[in-house]
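Using the sequences and the hints, build the whole thing.
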Amino acid sequence: MSEPAVAPLLVVDDLKKHYPVHGGLWGRTIGTIRAVDGVSFSVMKGETLGLVGESGCGKSTLGRTLMRLEEPTAGRVSFEGRDLAHASSQELFGLRRDLQMVFQDPYSSLNPRMTVGEIVREPLVVHRIGSKAEQLERVRSLFETVGLTSEMLGRYPSEFSGGQRQRIGVARALALNPKLVIADEPVSALDVSVQSQVLNLMVQLQRELGLTYVFISHDLSVVEHVSDTVAIMYLGRIVEKGPVQQIFGRPAHPYTRALIQAIPSGNPRERRETVPLEGETPSPMSPPAGCAFSSRCPFAIEACRQTPPPLEHVGTPNPTPGREHLAACIRREAIGA
Amino acid sequence: MPLLDIDNLQVGFATDSGLVRAVDGVSFQLEAGQTVGVVGESGCGKSVTAASILRLVPSPPGKFLGGAIRFNGIDILQMRREDLSNLRGREIAMVFQDPMTSLNPVFTIERQMGEVLALRFGLDRRAARTRSAAMLQTVGIPDPDSRLDVYPHELSGGMKQRVMIAMALLCEPKLLIADEPTTALDVTVQAQILHLMRDLQQRTGAAVLFITHDMGVIAEMCDVVVVMYAGRVVERRPVIELFEHSRHPYTKGLLDSIPRKGVAHKAELPTIEGTVPSLLTPPMGCRFADRCRRFNALGADEQRRCRQDDPTLRPDRSGWVACHFPLDGGAW
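Taken in order, these protein sequences are the chains called P and L. If you read the first sequence in the numbering used here, its first letter stands for residue 207, the second for the next number, and so on. If you read the second sequence in the numbering used here, its first letter stands for residue 820, the second for the next number, and so on.
Everything labelled a hint here was simulated from the structure, so no lab data went into it. There could be a bad hint or two in this list.
Said to hold, decoys possible - Calculated from the model, a selection of chain L residues having no Cβ within reach of chain P, i.e. all distances over 12 angstroms:
#: 1; residue: P821
#: 2; residue: A851
#: 3; residue: F883
#: 4; residue: D894
#: 5; residue: E901
#: 6; residue: R907
#: 7; residue: M919
#: 8; residue: E929
#: 9; residue: T949
#: 10; residue: V1044
#: 11; residue: G1104
What the hints assert, rightly or not - A partial selection of chain P residues facing chain L, derived with a Cβ cut-off under 7 angstroms:
#: 12; residue: E260
#: 13; residue: G360
#: 14; residue: S364
#: 15; residue: S367
#: 16; residue: S394
#: 17; residue: A395
#: 18; residue: D397
#: 19; residue: V398
#: 20; residue: S399
#: 21; residue: V409
#: 22; residue: N473
#: 23; residue: V481
#: 24; residue: P482
#: 25; residue: L483
Yeah, the Cβ is synthetic: ideal placement off N, Cα and C, and Gly gets one too.
Next up, the structure:
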C-alpha cells in the first residue's frame, strides 16, 4: 500500500492535557484527570490516522487539543514544521485555515438560524477570502463537491436529514482548502445506509484533494476501512499504533485484541461464545498503577502493576518512518504477539 | 397461539403539519422463548411499535389508529387500566437504551428494586433485599450487597444497564422488550451485556423482542428478524435465511452497507442512495422505490407497478417479503 511513506504533515510529541478536579467546601483542587497523558504520533501527508478507543479514553480531548480548542498542558504539536501547541492567537488564526474539524453531531454543530449557504460561506467571510461573488461561487462548488445541489443553499439546517447535515459540515470544513481535517466521530450519529455515503465522500475527497485526516471513532470496522495507520487509546495513552493491516491482522496489545474480538461478526452462524473483556474502564481520576489496562487484563502479572510500559517495537522494527508497529505491553511476546 | 401477535398495528402522531403515520400496518408474531429482532433505521417505526406493546405511546400526540396487539390471545389495546398495570412489569418488562429514563435518580438501587418486589410479591424489606442482591448477582454485578445502597449516578453505564435488566427480570416476565439496550455502551461492554442477555434468556425461557438499528447485534442475538422501513414491515425471516438469502432490496442494501471484512480498504462502500420518505405524505406505491437499486433495473411496466401498487407482505419459502419483484437467492 501507500509506500514509500511521504513526509509527516502532523507530528505530535508527548502531548498532555490534564484537568484539575475541584471539590470540597472551598472548591480546592482534589485531583487531576489525565485525559491525554503523553501521546506521540505522526500523520503522513495524504493519509488517514484512525484514533480508536472507548468512552473516556481521551480521543476526543486529543482531537480538540490538536485544534487548540483546548490548551495543551505540555508537549509539542508540529504542523508542517510550525509549532501549533505554542502558537499565538494570531498565528493560530492563520494556521486554522489549514486545519479544520468535522464534528459528530450534525444537529448541534450547525447554527440553526443561518442558511446552510451562509454556514458554508462563513469561514471565507471570517478569513476575508475573495469578493462576495467569488465566495458565493466557491460555496456553490463546495455544495456540488459534497453531493448537494445549489438549490439547497437558502434552506436552514432543520430542513436537512442527518446525512445531508454532515455533508454540510464537511463542505464548511473544506471551504478554506485545509490540509488536515480532524473528524471526531463523523458518522456515529448516522444511520448505516447514510454512514456509508459519508464515508465514501470522505475517502473520495481525500483522493481528489490530497487531504490528511485524523479520524476519531469508537467503531473499529469504520476505522479499519478508512485508515492507513491506527492508534488505540486507553485511559489517556496510546497502547498500540501501527499500519492498519498489522493492527487488525496481528494485534499485539491485549486491549486491541479484545476490542477487535468484541466487534459482532455480522454472521449469525458465527456467534460469539465468550466475553472478550470483563469489567469496564476505570475512572480516569484514579487509574491503576503501572499499566492502566492491568486491572482488566487477563495476562497481567505483578510487573505490569509496577511501571507504565513504554511503547516498543512489535517484532522486527520497520525502518520506514510512520510504518512502525508499536505496543505498550511487556507481556506481548509471552502472550504470542 | 403465539405469545405475542401484533396484527396490522397502526399508530399515528398529530403534528402541526398533519398526521404522521409512524406505524402503518405492522404485523408479526413472537413465540414463547423466542428472540425476535426488529431492525430498521431512525424513523422506521420500530421503537413506536415496541412502546405500543406496553401502551407507552404518549397520547396526545400519539394515537392508535387500528389493529391489535394480542398477548396470550388478549388484545392489549382494548385492556382496562388495572389489567394493563398487571401486565406491565409482571408479564412484560422493558429495557431502554438510556437506563436513566427508568431509574429514579433520587432512590437507592435497593429502594427501586424493593418497591417492585413489595408491590408484586408482597415481600418485606429483608426478603426483598435478599432477593434483589441475588438478582444483581445473576446479572453479573460484583459485590451486589453493597451496590444495593448506591444511587444510580454512582454506577457506570454498563452497570446501570445490568441493574435495568435485573429489575426487568425481578418479576419473571414472559416477554422482555429491549429497545436498543446496548447502543449507548462501549463495544467491549456491549459484548458483555449481549452475552448476559442471551445467557439469561436461556435460563429463564423468556421471549425477547430486540429493537435495534444494528445488523451485527441482530446476527448475534436473534432467531427471527423483522425488517422495518417507513412504518412498514418489508421483510420477515429466520435470521440465517435473512442474512444469506434476503429478498427485499432494502434488507440487502442494509446488509451490504456495513463495512466489514472482505471489502477492500478505502474502496467504495455500497450505499442506499437518497433518504426516507416523509410519513406525512408517503408515496402511493412502494415506499422504497425511490431508493431501490432493483427498481432502477426494471422495465417501464414493472416500474409503474412499483409506483402504483403498494406491495403487501406475502409469504415465500422461508419467510415474508413486501416487494413486487423480490431478489432471488440473496443476490442482486
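Exclusion check [L:F883 not at the chain P interface, CB over 12 angstroms]:
Since the minimum Cβ distance to chain P is about 27 angstroms, L:F883 lies beyond 12 angstroms and the statement holds.
Exercise. Close enough to count: is the Cβ of P:P482 nearer than 7 angstroms to one in chain L?
Worked result: Hint holds; P:P482 Cβ to chain L Cβ min 6 angstroms, cut 7 angstroms.
Taking C-beta pairs only, is L:P821 more than 12 angstroms away from all of chain P? 22 angstroms, holds
Hey, does L:T949 actually stay past 12 angstroms from chain P on C-beta?
26 angstroms, holds
With a cut-off of 7 angstroms on the beta carbons, see whether P:S394 makes it to chain L. 11 angstroms, violated
Interface hint check: P:V409, Cβ to nearest Cβ on chain L, cutoff 7 angstroms. Holds or violated? 5 angstroms, holds
> Does the nearest C-beta of chain L fall within a distance shorter than 7 angstroms of the C-beta of P:S367?
Replying inline: For P:S367, the interface hint holds, since the closest Cβ of chain L sits about 5 angstroms away, which is under 7 angstroms.
Interface hint check: P:S399, Cβ to nearest Cβ on chain L, cutoff 7 angstroms. Holds or violated?
Where the cut-off is 7 angstroms and the nearest Cβ of chain L is about 4 angstroms from P:S399, the hint holds.
Task: Status of the P:D397 interface restraint (C-beta, 7 angstroms, chain L) - done: Where the cut-off is 7 angstroms and the nearest Cβ of chain L is about 4 angstroms from P:D397, the hint holds.
Next on the checklist: Using Cβ atoms and 12 angstroms as the threshold, tell me whether L:M919 really stays out of contact range of chain P.
Outcome noted: Since the minimum Cβ distance to chain P is about 15 angstroms, L:M919 lies beyond 12 angstroms and the statement holds.
Would L:E929 pass as off the interface with chain P, using Cβ distances and a cut of 12 angstroms?
22 angstroms, holds
Restraint satisfaction for P:A395 [CB to CB of chain L, less than 7 angstroms]: With a minimum Cβ separation of about 10 angstroms from chain L (threshold 7 angstroms), the hint on P:A395 is violated.
Checked against the numbered hints given earlier, the structure breaks hints 10, 13, 14, 16, 17 and satisfies all the rest.
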